[in-house]
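This is what each chain is made of:
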Amino acid sequence: MFSLLLRRQRTAAIVQLRALSTAVAQPTTSGPFGSLEIRPVQRPDTAAYFTRKPKFYDLLSAISNLSRQHPLPRYNKADYKRGKWIPRAELQTKLGIKISPREHELLLRRLGDVANLRIADPAERETVGLYLNQFKRGYVHAETVTKDGEKAKAEPRVKRNNGRRGFLDHLGRWHAFGRRKEATAFAWIVPTAAAAEEPAATVLEPQGEAVSVGHDAAPSPSDDLELDPSILLPAPPKIIDNVPASAHAPMGDIIVNGKPLADYFFHGTDRDSVLFPFQVANKVGKYNVFLRVSGGGRTGQAEACQLAVARALYMSDRKAHVPVREAGLLRTDGRAVERKKTGKPKARKSYTWVKR
Amino acid sequence: MISATKFTQPASKAARHFAGIRLLSSSPIVAAEKNANSSRPKADRTQSMAFTKKEAGSKRTRSGTSTSVNLSAANPAYYTDPPKPKLDLLSKDTATASRLNTFMQIDDGFLQNTGKGRYPGHLAADFKLFGKPALLYRQVTQTLVDQMAQNAETAPKRATVLDGQNGAGKSAELLKLATVAATSGHIVIYALSTLPWVNSSRPYGPGYKSDLFVQHELVNELLRSVVAVSRDALNKVPLGRSVTLGKKTLESEKTLADLIDLGLQTPSLAHDALDQLLDIARTQTVVPVFIGLDEVNTLWCQTSYRDQEDSILPANRFRLARSFLPFFEGQSLAKGWVVGTTSYAEVRFMPKDLKTKLNPPPAIPIANPDLVRDPGVSELSFDVLKVERLSSAEAWGLMQFYQKANIVTTPVTEGLVAKKWVYANGNPRQMFAGVTTYF
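Respectively, the protein sequence lines represent chains W and P. Under my numbering, think of the first position of the first sequence as 1, with each following residue one higher. Under my numbering, think of the first position of the second sequence as 1, with each following residue one higher.
Everything labelled a hint here was simulated from the structure, so no lab data went into it. These numbers come from a predicted model, not from an experiment. Be careful, since some hints might not be right.
To be verified - Below 27 Å or equal to it, Euclidean Cα-Cα: the simulated BS3-like pairs (lysine-lysine) are:
| # | chain 1 | residue 1 | chain 2 | residue 2 |
| --- | --- | --- | --- | --- |
| 1 | W | K136 | W | K81 |
| 2 | W | K319 | P | K157 |
| 3 | W | K286 | P | K419 |
| 4 | P | K419 | P | K84 |
| 5 | W | K355 | W | K344 |
| 6 | P | K386 | P | K254 |
| 7 | P | K352 | W | K286 |
| 8 | W | K81 | W | K181 |
| 9 | W | K286 | W | K259 |
| 10 | W | K98 | W | K84 |
| 11 | P | K86 | P | K128 |
| 12 | P | K335 | P | K92 |
| 13 | W | K355 | W | K181 |
| 14 | P | K352 | P | K157 |
| 15 | P | K335 | P | K157 |
| 16 | P | K128 | W | K259 |
| 17 | P | K419 | P | K157 |
| 18 | P | K86 | W | K259 |
| 19 | W | K259 | P | K92 |
| 20 | W | K259 | P | K419 |
| 21 | P | K357 | W | K259 |
| 22 | P | K128 | P | K357 |
| 23 | W | K286 | W | K84 |
Stated by the list, open to error - Stretch by stretch, here's where chain W covers chain P in the computed footprint (C-beta under 8 Å, at least three residues):
| # | segment |
| --- | --- |
| 24 | 94-106 |
| 25 | 404-417 |
| 26 | 423-429 |
All residues carry an ideal CB built from backbone N, CA and C; glycine is no exception.
Take these sequences, add in the hints, and give me the full structure.
Here it is in structure tokens:
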């Protein structure tokens, strides 16, 4: 489209139009019409006037000019991030015209080009950056002016809580929702107190028995320096622990619609589904989970819970929970029952048919 | 192929009948062949070689009997001997805090004397897989053992009932407590299941000159178990007064063991012997007494037994239940402890009223005005101790034993324990089910 525009600028019709307007604009002093005031022909500012969408092509050519002024870097596909730029719907609202997907694609490619420019001049670079900022996704032009006429700082953009991605709610719980078949689940997860704390100190006895002085042991006298050592009580007897010290940490609960997981989901496979994100992240029992689920059957509900839990878990610590994403647990499983077709007993099953 | 000699010398009666006559059928020959080949073992048609008969009763109460395998013909690669981890025997001396979160073996003799091969609750499946009766020594066990030691000096005024979810370990705790009591020199009156008292599975009849019904066989079994488990303790307690059972009178110098022996000699006197035993044991201070009744909710239920007019009998119309009811309704011992456990396995024998009192609705007075009027729990005539789910450390101990017993073949890690615990919500029976799904 852009090349077409350039070509059109060079056409003879436009050259003639320019020549005519120049000739008409300059009043002749000689001749029979010398005294006549001829109104100059209205001349468009840009050639885009003759296109269907002058606003859009002006924008396109402006951005193209920028990229033409500076040498393009080597093409790298990874730098062209579509999600970085303004969505088509927003652009349409902003410009007040309809933009086709192809046009939007074209614009994004140009924006990508310009964003990747290596501009040496810092001032120029900043100017270009500021110009491009308005096409970035989520850009809000909030410029307020104080009484003194000074520009106030733009208000920070209020992030909308997106349940599909998961977010930290006002009570400090990671919240997300998930769907599967007809079921919808909402999950709230909180790490257990013990998960954040360090495990109790473990001392290895000569016999190889692990002796825990952790959870129930009284604080050692050395902690309190004001105590007189002469009046110290005898040390409490050490309890030989038959399990590792880390085993004493209480485990998190999973509550589904007010019932424990084991009571709500009778089948083991359903329980496995809900636990799977934790298992992948190696965090089983490290979170208290509260689930609200409705609609569908038990399997659908279990898998909706799985999606909600996976999203909330991933958002709670993206770096640590990369395996959750890599296991594909963040994607909605959109499969559903295929609709029944007319003339058939089921979706694909056919009635028995004989030739005669 | 049949040989000619055998053909000419038929051995069977049928074959002799046809001797000299043209044979019309081959059956006499086959019979003769069978009889002649006496070295071949005869098939035992009375016993199946492939399967064992399923136990009677509902699926829930079955002990999980499965196909038996003829090991002489089995591939040794598949059928190896199960590992038998060495465990300490649970007794008065070993029931200490140092054994927390470990498995301890229950005395097989005690189980034989009290149950004759039956086990309380659903424990039969566990014991079968372990190869021996063994139970986890939990924190609640330690609490109960400590309490029992304290009660051996001064008995509490009220009985204690262990309550909790299905599979929480109520029956197991009572069994452990009874085992420790038996080794501590208590008089142990322990019924591992009281369901037969009410489920119409045992003989019963109307009492003589009384509106109560008697169950001689059940009482006989109970007395037999009492005397087998704690004869030494019974021998220490003199009767203190002369006791007359039927036509016989026991002098005051005789002991409780003699009383029970007399009751066992004549089944119809068993009820009288039990009543006298409980009465004397209740007041004496020589030896502490331990009364443990599993599924104690049956004492207040509507039974499956019916009277002569075919109307349903409540449990308090039975002399056996009537003997123990006072202990759970305020009567106390001089020394010792009365403990019962509830059971929700057979809902028909769990009175709704009792269930509501044991598990009152959440205490939200505004939302639940009924609760304000009837708090429920305060009306119970016994103390209630809730057996909670396993703690994480107990779950760890459980899984460690499962690995030793080859039930779990993977290494016991934090992740595995956590998964099994969360999967079962810390319920011991569900955790057992979670690791034996494919067994």
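For each hint, the structure was consulted:
1. W:K136 x W:K81: Cα-Cα ~11 Å, so holds.
2. W:K319 x P:K157: 60 Å, violated
3. W:K286 x P:K419: Within the cut-off at roughly 11 Å; holds.
4. P:K419 x P:K84: Cα-Cα ~26 Å, so holds.
5. W:K355 x W:K344: 18 Å, holds
6. P:K386 x P:K254: 41 Å, violated
7. P:K352 x W:K286: 38 Å, violated
8. W:K81 x W:K181: 32 Å, violated
9. W:K286 x W:K259: The given pair, whose Cα atoms are some 19 Å apart, holds under the 27 Å limit.
10. W:K98 x W:K84: 21 Å, holds
11. P:K86 x P:K128: 16 Å, holds
12. P:K335 x P:K92: 17 Å, holds
13. W:K355 x W:K181: With a Cα-Cα distance of about 39 Å, the restraint between K355 of chain W and K181 of chain W is violated, given a limit of 27 Å.
14. P:K352 x P:K157: Answer holds: K352 of chain P to K157 of chain P is near 26 Å, not above 27 Å.
15. P:K335 x P:K157: 10 Å, holds
16. P:K128 x W:K259: Violated, at roughly 32 Å.
17. P:K419 x P:K157: Violated, at roughly 43 Å.
18. P:K86 x W:K259: Violated. K86 of chain P to K259 of chain W sits at ~39 Å, over the 27 Å cutoff.
19. W:K259 x P:K92: 39 Å, violated
20. W:K259 x P:K419: Satisfied, since the Cα-Cα distance of roughly 18 Å is no more than 27 Å.
21. P:K357 x W:K259: 21 Å, holds
22. P:K128 x P:K357: With a Cα-Cα distance of about 36 Å, the restraint between K128 of chain P and K357 of chain P is violated, given a limit of 27 Å.
23. W:K286 x W:K84: The given pair, whose Cα atoms are some 35 Å apart, is violated under the 27 Å limit.
24. 94-106: holds (count 6)
25. 404-417: holds (count 3)
26. 423-429: Held - the segment 423-429 of chain P has 5 residues with a Cβ nearer than 8 Å to chain W, which meets the minimum of three.
This entry does not satisfy hints 2, 6, 7, 8, 13, 16, 17, 18, 19, 22, 23, going by the numbered hints stated previously.
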